[in-house]
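There are 2 protein chains.
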Amino acid sequence: MQLILLSGGSGKRLWPLSNDSYSKQFLRLLPAPDGTKESMLQRVVRQIRESGLEADVTIATGENQVGTIRNQLGDKVSIVTEPERRDTFPAIALACLYLEKEKLCDKDETVVVMPSDPYADENYFHTIGKMVSAVEADVADLVLMGIEPTCASTKYGYVVLQDSGENVMKVDCFTEKPDSEKAKELIDGGALWNGGVFAFRLGYLSGIVRNYMQAGSFQEARERYGELPKISFDYEVAEKAASVAVVPFKGVWKDLGTWDALSEVLGCKSIGRVLTSENCSNTHVVNTLDTPCVCVGTTNLIVAISPDGILVADKQSSEHVKPLVNRINDRPMYEERRWGTYKVIDRYAAQDERTRSLTRHLCIKAGKGTSYQMHFRRDEVWTFVDGTGKLALDGEVRDVKKGDAVFIRKGQKHAVKAVTDLHFVEVQIGDNLTEEDIERFDFSW
Amino acid sequence: MQLILLSGGSGKRLWPLSNDSYSKQFLRLLPAPDGTKESMLQRVVRQIRESGLEADVTIATGENQVGTIRNQLGDKVSIVTEPERRDTFPAIALACLYLEKEKLCDKDETVVVMPSDPYADENYFHTIGKMVSAVEADVADLVLMGIEPTCASTKYGYVVLQDSGENVMKVDCFTEKPDSEKAKELIDGGALWNGGVFAFRLGYLSGIVRNYMQAGSFQEARERYGELPKISFDYEVAEKAASVAVVPFKGVWKDLGTWDALSEVLGCKSIGRVLTSENCSNTHVVNTLDTPCVCVGTTNLIVAISPDGILVADKQSSEHVKPLVNRINDRPMYEERRWGTYKVIDRYAAQDERTRSLTRHLCIKAGKGTSYQMHFRRDEVWTFVDGTGKLALDGEVRDVKKGDAVFIRKGQKHAVKAVTDLHFVEVQIGDNLTEEDIERFDFSW
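Taken in sequence, the protein lines are chains A and B.
Mapped onto this note's numbering, the consecutive letters of the first sequence carry residue numbers 1 to 445.
Mapped onto this note's numbering, the consecutive letters of the second sequence carry residue numbers 446 to 890.
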């Protein structure tokens, strides 16, 4: 069985912990069974493995998430990246083309598509198992997961059933985001929420994709990605499908899309360096900085602190965060990359704005390294504060360790590789300090 | 007339903006007449100058505040530093010995002692003028300022009067911090709060000091400072004085000792990089970081953010800040020094705690410079990001400018002097990174 996890989203709703390159599914805030913290993505992949589903996992995502995903999941998953951002139908189509053309899966193999960030219990994965059995038993072309509605929400799509039952039921039709009166009526009639989980045979989707594109190879499909229509899988596939069934899921299922919802599953009142007075009530604090946070006498409050910003929000108002945060146009101040992590620790701009500096603390993980690169508009000074590694500078390789410093002038090609976890402080000086000022070159150590 | 301003306090109550070396009177948060911000100390000195009092100002303080005071007030005030922290009587005695032995003031000259942080209107300074006139008219040996009580506070000392009047009145006795019932009784009898402002002839205090110490010079007095008793001026002088008068003050007078009180005089809802939603009410935010702060739907809240920490406090609870903050034993993360300012931007400790780094952004003001110094337990890498200056390294002097980097190994003597405002990022690497690891040497540029 092939399982495709959709990992997208720019994630402003859980700002400041999520930012443009660090979506909410990557936040390591959930309590893991071993006492550490895990992200929504790590939790889902752990649950898949523990569920007994014999699934090969492929993650459909954007190029900018590859580093974080590799960091969090290692090399045991496949990753398919969209060349450009379109919608869920083309993203799923491309992942299926990868399974067909690159992984050479059989057209009869069952594929399950699901989001990467549901907060659910083990029943969710048992339900996926039932969906796979339904596909294998040819109950329908497309089998989806129905969630028992808990309120007349106007945010979800509703699945209207032909019959009622406990396991697999035939679907009559879909109603996307109805008003609350209509929603109530649908629920009274036994409709379920569409949980965004779909199961089908690989060949079924390949047939639909062939209407838009007939590619000889995965590489060709990727190059012709723009030919696939910008439309969601729900509209392009689910609503048009002639034969659809649904398996109802009963259990814990939450959309951790707001701080209010997330705070309920943190398992503790605070994470990080936080002191709260005894008269604080219903206050949750997440602090990823080394700087201490003190809360005194607060009520119904979310406080979230990261290198990107500081949020103080009334719990009932936390959905209003997004419009304010959209007015902030800072670069990401924290990123997880293929090679490790960095944090911006200082920014300076002279009054004339032409002299700027940006200082980062980088950690390269043992065995990993940066690309061989060059900048046009900035000098860099690196001071190694811990670990050992190798530095390539204009073709010459030398060992570096704690206490060393190196001056990299604009135009100099450079790369660094960690032998043990390597920490360094980088001071960038120039007139235009962006991640885009970079040219990459081939290099072999 | 000589005016002694007492500048002390470790200032945890306005944490995180005040820290051990940056007391509340230095916070540049009050609206100044020219549209900029000024500190409580700057405000008081400006008000003294605007009041028409012809006063020479001497500031009695600790060694660690000299840099900040010079930064904020320039060279137009005298500064007397206590060799060790004792209490207000020895501090005032030492300042008076300075006036007598070093400044050679006449024993008949009037001295006024006052705190450096009252938030008062101009009438406060007119009242000081009346106190000076009362001393000059020999109404009493000691004249103090009486504040019209606004509540039966148990925090203040009360001055019980012999008679009633509008201007100068004879004092019968003092009652320190009575319980609230007694306070009410005192107020009904016409008692005033003791405002902590005292006027007397220099010779009067010299006579009292001579009971403890007869020093030939100010330098000798400073060396023998420990011989002066650890006692407040109120107990040692005011309560024992045979002839005391009081001048009542009527006007605005506030103790800005809590965030709640301070927020009332800020003149705006937020300072720094702050976004608040429209449904925030009675929320004040002070943010001295470059990191944005977003507040959504909050009520009756103080948010204060600095390199030292993040405070989120209900306004009515802001007096409970201190016990929590006392549990934080961080070094100061921001300081104003004689030569400029620094901010700690990153700290790192390896798991074995033996490898550490600390990164600071320093700004040396044009014309100023650091001492010529050496560290035993750390290397430093300096990257200059703006400005021009001179660097002395083991006796050799060279020019430095934006884009330069220098490696200072442990044991190397070094100093820097700014020609134009000089910004640099300093990475310290070692096993014990404290401000105490320093040896200073003489050096002339």
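Hints should not be assumed to be uniformly reliable.
Unchecked claim - List of simulated lysine to aspartate or glutamate pairs, EDC-like, C-alpha gap at most 16 Å:
hint, chain 1, residue 1, chain 2, residue 2
1, B, Lys767, A, Asp330
2, A, Lys417, A, Glu435
3, A, Lys368, A, Glu336
4, A, Lys402, B, Glu798
5, B, Lys858, B, Asp839
6, A, Lys343, A, Glu435
7, A, Lys322, B, Asp775
8, B, Lys575, B, Asp700
9, A, Lys343, B, Asp735
10, A, Lys107, A, Asp141
11, B, Lys788, B, Glu798
12, B, Lys788, A, Asp352
13, B, Lys600, B, Asp700
14, B, Lys552, B, Glu581
15, A, Lys410, B, Asp876
16, B, Lys847, A, Asp431
17, A, Lys402, B, Glu499
18, A, Lys365, A, Glu278
19, B, Lys767, B, Glu781
20, B, Lys855, A, Asp404
21, B, Lys615, B, Glu665
22, B, Lys788, A, Glu336
23, B, Lys847, A, Glu353
24, B, Lys675, B, Glu529
25, A, Lys402, B, Glu723
26, B, Lys847, A, Asp404
Said to hold, decoys possible - From the structure, some residues in chain A lie toward chain B, with a derived Cβ separation under 7 Å:
hint, residue
27, Met213
28, Gly216
29, Asp290
30, Cys293
31, Val296
32, Thr298
33, Leu311
34, Asp314
35, Val321
36, Ile345
37, Ala350
38, Glu353
39, Thr383
40, Val385
Simulated from the structure, these hints should not be mistaken for lab results.
Only a predicted model underlies this, so the values are computations on that prediction, with no experimental measurement involved.
All C-beta atoms, glycine included, are put in the ideal place defined by N, C-alpha and C.
Going down the list of hints, with the structure as the test:
no.	hint	result
1	B/Lys767 x A/Asp330	34 Å, violated
2	A/Lys417 x A/Glu435	19 Å, violated
3	A/Lys368 x A/Glu336	13 Å, holds
4	A/Lys402 x B/Glu798	14 Å, holds
5	B/Lys858 x B/Asp839	5 Å, holds
6	A/Lys343 x A/Glu435	13 Å, holds
7	A/Lys322 x B/Asp775	34 Å, violated
8	B/Lys575 x B/Asp700	22 Å, violated
9	A/Lys343 x B/Asp735	14 Å, holds
10	A/Lys107 x A/Asp141	13 Å, holds
11	B/Lys788 x B/Glu798	22 Å, violated
12	B/Lys788 x A/Asp352	22 Å, violated
13	B/Lys600 x B/Asp700	11 Å, holds
14	B/Lys552 x B/Glu581	12 Å, holds
15	A/Lys410 x B/Asp876	33 Å, violated
16	B/Lys847 x A/Asp431	12 Å, holds
17	A/Lys402 x B/Glu499	59 Å, violated
18	A/Lys365 x A/Glu278	40 Å, violated
19	B/Lys767 x B/Glu781	23 Å, violated
20	B/Lys855 x A/Asp404	13 Å, holds
21	B/Lys615 x B/Glu665	37 Å, violated
22	B/Lys788 x A/Glu336	26 Å, violated
23	B/Lys847 x A/Glu353	14 Å, holds
24	B/Lys675 x B/Glu529	11 Å, holds
25	A/Lys402 x B/Glu723	49 Å, violated
26	B/Lys847 x A/Asp404	21 Å, violated
27	Met213	43 Å, violated
28	Gly216	49 Å, violated
29	Asp290	6 Å, holds
30	Cys293	4 Å, holds
31	Val296	4 Å, holds
32	Thr298	6 Å, holds
33	Leu311	5 Å, holds
34	Asp314	3 Å, holds
35	Val321	6 Å, holds
36	Ile345	4 Å, holds
37	Ala350	5 Å, holds
38	Glu353	12 Å, violated
39	Thr383	4 Å, holds
40	Val385	4 Å, holds
When each numbered hint is compared with the structure, violations occur for hints 1, 2, 7, 8, 11, 12, 15, 17, 18, 19, 21, 22, 25, 26, 27, 28, 38.
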